[in-house]
Structure formats: structure tokens, C-alpha cells
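Place chain B on chain A using the hints.
Here the protein sequences come in this chain order: A and B. Numbering (the UniProt record's numbering) for the first sequence: 1 to 315. Numbering (the UniProt record's numbering) for the second sequence: 1 to 427.
Heads up, some of the hints might be wrong.
If the Cβ cut is set under 10 Å, some of the chain A residues that face chain B in the computed set are [what the hints assert, rightly or not]:
no.: 1; residue: D150
no.: 2; residue: L153
no.: 3; residue: R230
no.: 4; residue: R256
no.: 5; residue: T259
no.: 6; residue: G261
no.: 7; residue: G279
Rather than coming from a laboratory, the hints here were simulated on the basis of the structure. Keep in mind that this is a model prediction, so the values were computed, not measured. From the three backbone atoms N, C-alpha and C, an ideal C-beta is built for every residue, glycine too.
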Amino acid sequence: MTTSLSTSRAVQTPPALTTRVRQSIGERIAPYFYIAPFFLIFAVFGLVPLLFTFYVALFDWNPIGEHVFIGFDNFSRLLADARFWNALKNTISIWVLSTVPQLVLALLLAHLLNHARLRLAVFFRMSMLVPYITSVAATTIVFAQMFDRDYGLLNWLLGFAGVEPIDFKQSVWGSHLLIAVMVTWRWFGYTTLLYLASLQAIPRAIYEAAAVDGAGGWKQFRHISIPSLRPVIVFTVVTSTIGGLQIFTEPLLISRSQTCGAIRQCQTLTLFLYEQGFGQFQFGYGAAIGVALFVLVIVAATVNYLLSTRIRPER
Amino acid sequence: MKLRNVTPVVLAAALALSTAACGGGGGGTPSQPSGGDSKSFEFWSFSGIDQKADVDRYQKQNPGVQIKLTEVGSSVETAQALTTALAGGKVPDLVLIQGDDLPKFVQQPQNFYDLRQLGADKIKGDYLDWVMSASTAKGGEIIGIPTDVGGMAVAYRADLFKEAGLPTDREEVGKLWPTWDAFIETGKKYTAKTGKAFMDNAATSVFYQAVNQGPQKYYDPSGNVVYSTSPQVKTAFDLSLKAVQAGITAKQGTFTEGWTAGMGKGQFAVISAPSWMLGSIRRNAPDTKGKWDVATIPGGAGNWGGSYLAIPKGAKNAKAAWEYITKTQSPQGQLAHFLDAGSLPTTPSVYKDAQLIGMKDEFFSGAPIGAIYTNSLLGLKPFYIGPDSSAIGQELQNAITNVEQGKGDPAKAWDTALANVKTAIGK
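So that you can see chain A by itself, here it is in the shape it has in the complex (with noise of 0.2 Å):
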């Protein structure tokens, strides 16, 4: 009776409820199984060797010798030392040399590549990702060849309008400004491409209602083009401020130096962080600026974060 009665009862509660909790269980496991390789490779690829970071930095670390525990001795040095302050100098300047230009030169040309009636604007569209798709170490090793102060082509056409011979590599600004234009180069027509598609995203029908109304080409750029950018603009200007923190490769090349010039002139951190890291094989103080390099990306993206949030409502 008993038996019938459970039966009974198993048989009143409708089998479609249990199939469906079970199978929600799942579902609800299934998604964290899916994104888990990314969190795994994190996990193994970012967070532990950040934390290691962290824990080398603590130490005066001789990669073939002793390993002395030193506390923050590292940071105090680092904070006292000219030439991290002379780095994080260079990197701020040559990223804004490198950032604004290359980002109004896209906007122009997007908008260019957006209204134009071009012949060829496929051709033109596409010939925008070479720069970007050229690898950095041809790119420097060409544009150093062009600004060299005795054989450099620059130099050379220069001469022909009376001017003296300007050397880039050796002066502050000059080498900034070398760094900054190879930087362009290979951005700007990747970032031209990303303002592009976002462009091609506004209806037609707004640009065509605003010249019926009487707007010109500038106004339309200014007052539907840009605004609907946002995101995007925002977009860029996080990934350029990281990319800007990153520079390494250019200053490297160009000088074939670790110091990047007699005077640090374009030593960025990151290449301060490599001189100190693997050219004095001080892995305690080069861990120390990596943390300090960290903690810097994680107040540029805190400012973007707070700037981004702040114009949404506007959207």
C-alpha cells in the first residue's frame, strides 16, 4: 500500500518538473565549463607569474645565485631613482606624440573613407591594415635608416631647403618624435578601420536629413559622426594608453641600445624594466618596476573606466 501510495504520488508529480530540474542544473554548470580554459590559461599565463612578480620584487634576486628576502628596498630605491622617473617621462611624452595625432588622422580619414565616392575605396579601405600588419622590427629599422643624421633620406631632403642636419636619435625630442611616428604609422590605419565600421553603422538617412537641412561636411562630422563614435573613440583611447605603456620594440631598434641613447633619451619602462631585468640581471629591481608598471596600467584604466562612464549618459 505503501508502495502504491509513493507510486501513486510519483506518478501525480508530473515528470516534466524533475526532467527539468535536472537538466537546469546542468545548464547552470555547463557555461562556467565553457569559459574555464580562459580562466585556466589566466590562471596559469597572468595571475601566477603577476603574483610571482610580486614576490620577486621583495628580494635581491641574482637569477644564477643567492636569492636575499630584502623587503621593499626595491620600491624605495625605485622611487629614489632618477632614472625610472626619466623612463616613465619618456613613455608619458611619446605615447601622447603617438596617441593624439594618430587618432585625429583617423577620425579624418574615416570619415573621408566613409562619404567619398572613391574609385577603388575597397583597395583604399584595405591598404590600410599594411602599416599594421608590417612587422615592428622592419618598420623601425626603415624609419631609422630615413631619420639617420648623415645617410638618412629625411636628412637628405632637408638639405635641399638649407637645413642642417638634425639628429633624431640623439636629442630628446627628436628621438620621442621618431618613436611617435613609427607609432602612427603602424596604428593609425587600424584604428582609421575600427572608426570606419562604426561609422558605416549610422543610417545614411541622418547624413542625408542633415544636408537637407543645410549642414555642410564639418558640421555633419562634428555633430553626427563624433558623437555616435564615442564608444569607439573611448575604445581606442584605452587600448592606445596600454599600448602606450608598452613601448619597447621601437626604442630598442633604433638606438640598439638597452638605454635607448648616451642620456636615457628615449628609455622607456618597459625597456628600463628589460635593461634592469636581463642586461644587469637585477631580476628583484626589474620585477619591482614591472609592479610599479602594473600598478601604473591599473590607474590609466580606472581614469578610462571613470571617463568612459561619465559620457555614456550622453549616448
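This is chain B only, laid out in the frame that chain A set:
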């Protein structure tokens, strides 16, 4: 998105660091070589020193031996790669280390085979004492066998000297500059006459040469740092500033693109030429063959450079590597290498060999480079090279270069240089 973009950057270094941590502990290798097939081994060298000539000759003489030679990069890059390899635990069987990079490794001898246990005690007398002592650690462990020393001389363009009305014969040219001051005076005459620069740059062609002459460089014989008080360093520094202020330098940093181009185009007439530099000139300016000649260096004997062969502790084929060392670095082996590639032997027993004394170089107008470079080592007073020698030299050189580029104040250059060295090495 932010995190994904941030982490790889900051931590590219950390990755290498974590590898270092994994491998650092595994140092329980026995001191006697074992394992391996004793027929093949891996050899890391740097470029520009032509170890391939030795390797090829050795393989020809010893059929069945397989040597995997890798030219890692410059001498500094090779030392960096070695450090990373030692920290990571996966090492080559044999490695070439440049003299300036050696002290860091000598201070940590536990990373290398003590070559005495392989028989270095028996052959160490074949080599110059002071060269051998540089690779001997405090506890007496010998970690490297010297392959060559960097005797010094000056390479000059005879054709350009002729245009400037200077003598072209190497004997007479050598007599033009018994001292560095006379060298600078000659430069002034050349520049006044031709309007062109006399030498490539002051930091290497004056400072690096002059500072390597004499008994005490950056360290005293017992290993204390004395760069700020060593008269040899200050004199060399002042001489190079004098050359800069005389306006006779082309301001071309050694091994830069401008330097290479300028060398081919005769932008300067004189380059400092430690024996290993001759190969660089040959490679970088092949069209100038026959226009160069080699004269003695101002200021007398000295040494710049030189390299060592070492066997890392974790080497799998240490025995094969050691056999290679003993055969190729014997006095006869070093002589053969000199005749092929031009680096000066470290084995004094061959210094009087007719083949070495008689060695002439066609590229350099038949200059008797064998005799010139061996003579530059006679009467040499060796100095101690310490773990920070390379970093100290770099900062001093940078200060000179800065004045040369017209950015630095010559009156403040020395104080700036000392301050920068102090920041760099912490003492």
C-alpha cells in the same frame, strides 16, 4: 578586455622569472661528466668571432663528432642568454663568454664545471697567467679556458692620410703618436687639412683604448671598486673629452648604422682596432680593401676584450665539450685559429712562431698584424676586471658620448658620469 591586454605586458618578464624559479633549485648534477654520447654537443658562441672555422676544422679532423653551433647574437646577448639558460636549467654543453661578461659568472662558479676536475690543472700553464686568473674563482675553481686576447692597435686609411699630407707608412704613422696627446694633435692636423672627421668617436677610439692601458682600471687588485679615484680612468676620460672638444670626431657610435656607412664612405680615417675589430672592418666595409693599414697604438701595451670557453654544470655532453676545448685551444689550435680568423692567441709559446710573426693581412695593405698585436701585449700590466666593469664602462662612455653629441657640459661630464655609475651599480 582590460585585464587581458594588461597582463601579458607587465608580465612578459615575470614569465621568464617563474621559469627561473622552477629551474633554479635543480643543481644536484655530479661534478664528473657523465651521460651523453660523447660524440655530439651543443655550442653557443657569439657572432663576429668566427668560431665556425674552428668547429669545421675540428669536425674534419674528428669524423663522427657532431657539433651544433649556435651564434646567439652579440657577446652581451650571448651572456644574457646563458644567464637565462643557467637559471632555467636547460643549458648548452659549451659556451663562449666574452672577457667583460666573465666576472659575473666567475662569482657564481657553482653554475659551471670546475675544469680542474677535467684536467685544466695540467694545461693552465700554456696560457698567459693574467688571462687565466680572470677565469679562476675565489675558491680556485677554473671555469673557463681563454680563446683569445684583445691586443690593441689603430687602423687607419692610408689613402686618406695621403690626401691630408700625413705620412702613410705604418712605421712613420706609429711615430706620429707616441702619446694620446700626439694622437689628438695629429687628428687636428688631419681635420684642418681635409675638413673631415679624424676618428669615428671619442668614447671607443680614445676612452676605451686608453682606459685599457695600465695596471688599475675600475677595480684595485683586491677587487675594491676604485673607478672614481683611479688616475688611469680619469686620464682616459679627460683625453677623450679633449678629442671631443678638438672637433675631430665623426660622432658615430661603434656598430651603429651610421658608423658602418661612414666607414665605407671614408667619413673618418681612424678606428681603434683591438685584434677582433679587424674582422668587423673587413665585413662592414668590404670595398675599402687595401686602403686600410694598421699602426701601433699611442700609450703602449694594453688589452681590450678576449673570450673564454666554459662548460655549464648541467651540460649533458661535458666530456665531448672538454675534448673539443683541449684540442682547439692548444697552442697549435689557437695559432691555427689566428691564421684563419685573426684573433690573437692566449698561449705565449706561439708568440715567437714564424707563422704568427709573419702573418700579414692583405685587407690592411699587408700589415704584419701578428707582430703588431703580440707586441702590444708585451710589457702589459694586467688589471682586475670586476662584476660591474661592464656597467661602469657603459656609464662613463655614455657621459663622453653625451658631450660629443653637443648635449652635455664638458666641465660637468666627469661628475655626472660618477653620479650615474653610482646609481647604476649602487656603490
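Taking the hints in turn, this is what the structure says about them:
Taking 10 Å as the C-beta contact cut-off toward chain B, the hint placing D150(A) at the interface holds, the least distance being around 5 Å. For L153(A), the suggested interface contact is broken, since its CB lies about 13 Å from the closest CB of chain B, more than 10 Å. With a cut of 10 Å, the hint placing R230(A) at the interface with chain B is violated, because the nearest CB-to-CB distance is about 17 Å. Restraint check, R256(A) versus chain B: the minimum CB separation of about 6 Å is within 10 Å; hint holds.
The restraint placing T259(A) at the interface with chain B holds, with a minimum CB-CB distance near 7 Å, inside the 10 Å limit. At a threshold of 10 Å, the smallest CB-CB gap from G261(A) to chain B is about 8 Å, leaving the interface hint in force. Satisfaction of the interface hint for G279(A) is found here, the shortest Cβ-Cβ separation to chain B being roughly 7 Å, below the 10 Å cut-off.
In the structure shown, a violation is registered for the earlier hints numbered 2 and 3, in ascending order.
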